[in-house]
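Could you build all of it, start to finish, from the sequences and the hints given here?
Residue numbers (our numbering), protein chains in the order written: chain H, 2 to 386; chain P, 2 to 386.
For the record, the hints were derived by calculation from the structure and aren't laboratory data. Watch out, some of these pointers could steer you wrong.
A few chain H residues that face chain P, going by a derived Cβ cut-off under 7 Å, partial list only [as the list claims (entries may be wrong)]: (1) N41; (2) V43; (3) I55; (4) I108; (5) R308; (6) P315; (7) A317; (8) T374; (9) N381.
Derived EDC-like pairs (lysine to aspartate or glutamate); straight-line CA-CA distance at most 16 Å [to be verified]: (10) P:K198 <-> P:E227; (11) P:K76 <-> H:D314; (12) P:K342 <-> P:E295; (13) P:K345 <-> P:E295; (14) H:K76 <-> H:E49; (15) P:K352 <-> P:D324; (16) H:K271 <-> H:D361; (17) H:K76 <-> P:E336; (18) H:K19 <-> H:D113; (19) P:K156 <-> P:D40; (20) P:K76 <-> H:E336; (21) H:K76 <-> P:D314.
Even glycine gets a Cβ: it sits at the ideal position worked out from N, Cα and C.
Number of protein chains: 2
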Amino acid sequence: MTFLSICGVKGVRAYGIKEGKFGLALISASGTAAGVFTDNLVKAAPIELMRKQIKKGRMEAVIANSGCANAYTGKRGYTDAVSMTAFAGSALGVEPDLIGVASTGVIGRHLDLPLIQRQCGQIAPRVSRSEEAETLAARAIMTTDTFPKHALVQKETFSVGGITKGSGMIAPNMGTMLAFIYTDAEIDAKLLSKNLKLATRRTFNRVVVDGDMSTNDIALCTATGESGKVNKAEFSQALEECCRSLAQQIAADGEGATKFIEVTVKGAQKEEEAAKVARTIIASPLVKTAVYGEDPNWGRVIAAAGRAGIEFDPYAVSLWISDGNTRHPLVRSGEIIADLKKAKEAMHTRKVIFILDLADGKKEATAWGCDLTGRYVEINGRYTT
Amino acid sequence: MTFLSICGVKGVRAYGIKEGKFGLALISASGTAAGVFTDNLVKAAPIELMRKQIKKGRMEAVIANSGCANAYTGKRGYTDAVSMTAFAGSALGVEPDLIGVASTGVIGRHLDLPLIQRQCGQIAPRVSRSEEAETLAARAIMTTDTFPKHALVQKETFSVGGITKGSGMIAPNMGTMLAFIYTDAEIDAKLLSKNLKLATRRTFNRVVVDGDMSTNDIALCTATGESGKVNKAEFSQALEECCRSLAQQIAADGEGATKFIEVTVKGAQKEEEAAKVARTIIASPLVKTAVYGEDPNWGRVIAAAGRAGIEFDPYAVSLWISDGNTRHPLVRSGEIIADLKKAKEAMHTRKVIFILDLADGKKEATAWGCDLTGRYVEINGRYTT
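As structure tokens, this is what we get:
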């Protein structure tokens with residue numbers, strides 16, 4: 002029996018249902034828990050609830066719905082989020098205040114609680130540990146996503162697996178999506194939280210689809226501990242690897258995307274400075290549209306770097322374009338050496354990579370995103386209708 | 002004889018030529034001068050030159066080309082910018098170091114100096130004070146603009162007029178475009194600079210087309226003084242009015258735009274805080290696409306406000322949508338009262354207005370932008386080819 006992702010982690014069971022726009026997923030896994038949440042001042046009701054809940058450092062299950070974000074819904078929204086945990090708690094026979102809750106969809110609308118209660122009752126008996134079950138859970142939380150997103154990192158003594166959703170309203174600040182990550186490693190809640198924050202900073206926070214930060218971002222991680230104690234550094238690395246894969250899948254499935262873009266900025270004095278420049282480049286509508294049109298208009302990469310708010314010498318930098326196989330130099334120490342024909346050729350594949358060397362230090366960072374297409378406009382021009 | 006804009010200001014003469022992508026404008030006007038420039042770390046050669054030149058506080062003429070930005074072109078770029086002032090100086094018979102220079106177009110390419118010299122020689126003898134002449138100058142500096150942009154504010158004793166260009170790579174930080182503004186009021190260079198900075202902050206810096214900040218932004222203002230001394234407050238107001246009109250024209254002509262968007266944020270503690278929220282809303286790709294699709298997805302306006310980095314109580318705010326004639330309430334003191342059918346109707350016109358009251362103070366600010374359409378993607382997907 003092979004497992005795609007979370008059900009490859011010992012102690013994790015799942016199931017999901019998707020009816021038109023409205024989906025519901027249940028994931029059962031008992032263990033220590035950590036979470037990271039959106040920085041948006043306008044936080045959805047489930048986020049407000051989870052920020053309190055997560056302090057317990059333990060979780061028994063997660064209930065997540067798609068189709069309605071339960072955001073900007075006031076006190077009723079908060080009560081509705083509590084109701085979701087009650088539905089899941091009763092259906093799975095666990096304490097409601099140890100249940101994680103997340104929502105995604107249209108903002109400013111109230112949840113259809115009877116629908117969620119009905120769906121919850123339907124799927125709870127089917128919660129199980131199988132590839133089919135986890136795929137249904139991953140599909141249940143999709144909105145404009147075109148494929149379910151999952152990752153599994155298997156180490157000798159433990160595993161880390163996750164599912165995620167996210168396609169639009171993706172900006173580099175906290176999860177910017179829903180992500181449910183599991184490990185069978187035995188990790189206390191405090192260390193789990195520290196590692197999740199680090200991994201989020203280096204993976205989910207380096208994805209930009211459109212620069213819009215969601216009200217509902219959440220990433221939850223539960224460690225079931227069923228595989229016992231593990232090497233801490235190895236765990237941290239495995240968690241980051243799992244999150245990176247999920248983050249890259251979000252970028253690749255950006256709304257309307259035809260290209261996956263990767264930007265590596267090196268030669269910076271600090272990793273976060275390199276990340277800031279990489280994110281600014283990847284968020285630039287002009288870079289995105291140039292990649293879409295396979296137009297080797299590399300000056301836009303330099304122009305975006307210039308407005309990132311980081312000091313560097315523009316005439317010391319070097320820039321390359323790559324399709325993942327061959328690197329073509331565009332600028333060397335400030336001198337334009339671009340062969341525009343070759344640069345254009347490097348843009349024909351689905352993956353377009355820019356490497357920018359600031360020549361100012363030894364730190365580097367990578368960010369991921371996608372091109373901006375007419376399809377993005379179409380998807381978001383009639384989202385609620 | 003009626004004048005559209007700059008030639009309505011005493012002492013201003015102009016002319017322009019546009020050949021395919023490559024245009025050149027000459028504007029002759031002797032007086033005190035001030036300028037504001039892009040904040041981008043990567044500054045085009047003409048910007049580097051003008052930052053020095055403007056310190057003299059005087060200007061005799063301006064030469065501006067379109068088709069090539071002369072940005073990221075190193076020492077040769079700087080020498081080329083100096084050459085442009087030499088061409089204009091020789092053609093108009095004035096000191097080259099009192100000539101303003103500006104460029105717009107593709108980044109990372111060198112100027113075609115022989116072409117500019119030839120065009121300069123052709124148009125210099127035709128520099129004159131007429132509606133036709135100033136319109137040709139405004140057209141000469143256009144890139145993806147679909148119409149020439151000009152404004153004239155006539156007061157009893159003086160006038161302020163300007164032309165501008167800008168359609169893409171428009172973000173709220175400094176001019177984000179080329180603007181040449183003239184007045185016949187007698188104003189010393191220091192006061193002119195102070196007033197231009199204030200007007201820029203309140204007008205050009207409140208326009209967002211795509212959030213990309215240009216390497217070539219420049220706004221220059223020359224006061225010929227031919228109308229003598231004026232009331233300072235009245236001048237400041239007239240200058241701001243002229244800049245506001247030009248800024249609104251840039252927003253309305255955003256690349257691919259089908260709608261003009263205006264966002265007013267009131268009830269803030271500080272004007273700049275209101276402006277920050279307004280700019281964040283107007284820059285949101287999700288708000289832009291919803292306006293394009295006439296989708297009354299107002300939750301995105303609240304979500305964008307929430308990530309602006311300003312503290313306010315989301316459940317105290319009120320929100321309206323308007324077509325300029327009728328206001329429809331969407332949220333009142335945090336309570337959702339939207340009639341989505343009426344809200345959708347308000348989006349059928351070319352102008353869509355959101356008014357957000359933060360209920361936290363007495364200051365307000367307005368920002369302007371446009372919708373995001375498939376046409377923007379098409380224009381920018383093949384800009385250099």
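How the hints compare with the structure:
Because the smallest distance between the Cβ of N41 of chain H and any Cβ of chain P comes to about 4 Å, under 7 Å, the interface hint for this residue holds. The beta carbon of V43 of chain H is positioned within 7 Å of a beta carbon in chain P (closest approach about 3 Å), and the interface hint is therefore held. Checking I55 of chain H against chain P by beta carbon gives a least distance of about 21 Å; that is not within 7 Å, so the hint is violated. Contact between I108 of chain H and chain P, as hinted, is supported at the beta carbon level, the nearest pair being about 3 Å apart and thus within 7 Å.
Given the 7 Å rule on beta carbons, the hint for R308 of chain H holds: about 4 Å separates it from the nearest Cβ of chain P. With 7 Å as the threshold, the beta carbon of P315 of chain H comes within range of chain P, its nearest partner Cβ sitting at about 5 Å, so the hint holds. The restraint placing A317 of chain H at the interface with chain P is violated, with a minimum CB-CB distance near 11 Å, outside the 7 Å limit. Satisfaction of the interface hint for T374 of chain H is found here, the shortest Cβ-Cβ separation to chain P being roughly 6 Å, below the 7 Å cut-off.
With 7 Å as the threshold, the beta carbon of N381 of chain H comes within range of chain P, its nearest partner Cβ sitting at about 3 Å, so the hint holds. Note on K198 of chain P and E227 of chain P: the hinted pairing is violated, with a Cα-Cα distance of about 23 Å set against a maximum of 16 Å. Restraint check: the Cα-Cα separation between K76 of chain P and D314 of chain H comes to about 14 Å, which is no more than 16 Å; the hinted pair holds. At most 16 Å may separate the alpha-carbon atoms for a hinted pair to count; K342 of chain P and E295 of chain P meet this at roughly 11 Å.
Between K345 of chain P and E295 of chain P, the direct Cα distance comes to roughly 6 Å. Compliance with the 16 Å bound is thereby established for this hinted pair. Restraint check for K76 of chain H and E49 of chain H: the C-alpha separation of about 11 Å stays at or below 16 Å, so the hint holds. Under the criterion of a C-alpha separation no larger than 16 Å, the hint pairing K352 of chain P with D324 of chain P is consistent with the structure, at around 6 Å. Taking the CA atoms of K271 of chain H and D361 of chain H, the gap is about 10 Å. The hint holds against a cut of 16 Å.
The straight-line distance between the Cα atoms of K76 of chain H and E336 of chain P is roughly 11 Å, inside the 16 Å bound, and the hint therefore holds. This hinted pair checks out: K19 of chain H and D113 of chain H have alpha carbons roughly 14 Å apart, not beyond 16 Å. Taking the CA atoms of K156 of chain P and D40 of chain P, the gap is near 32 Å; set against the 16 Å cutoff, the hint is violated. Between the alpha carbons of K76 of chain P and E336 of chain H the distance comes to roughly 11 Å, so the proposed pair stays at or under 16 Å and holds.
With a CA separation close to 14 Å, the supplied pair K76 of chain H and D314 of chain P stays within the 16 Å bound.
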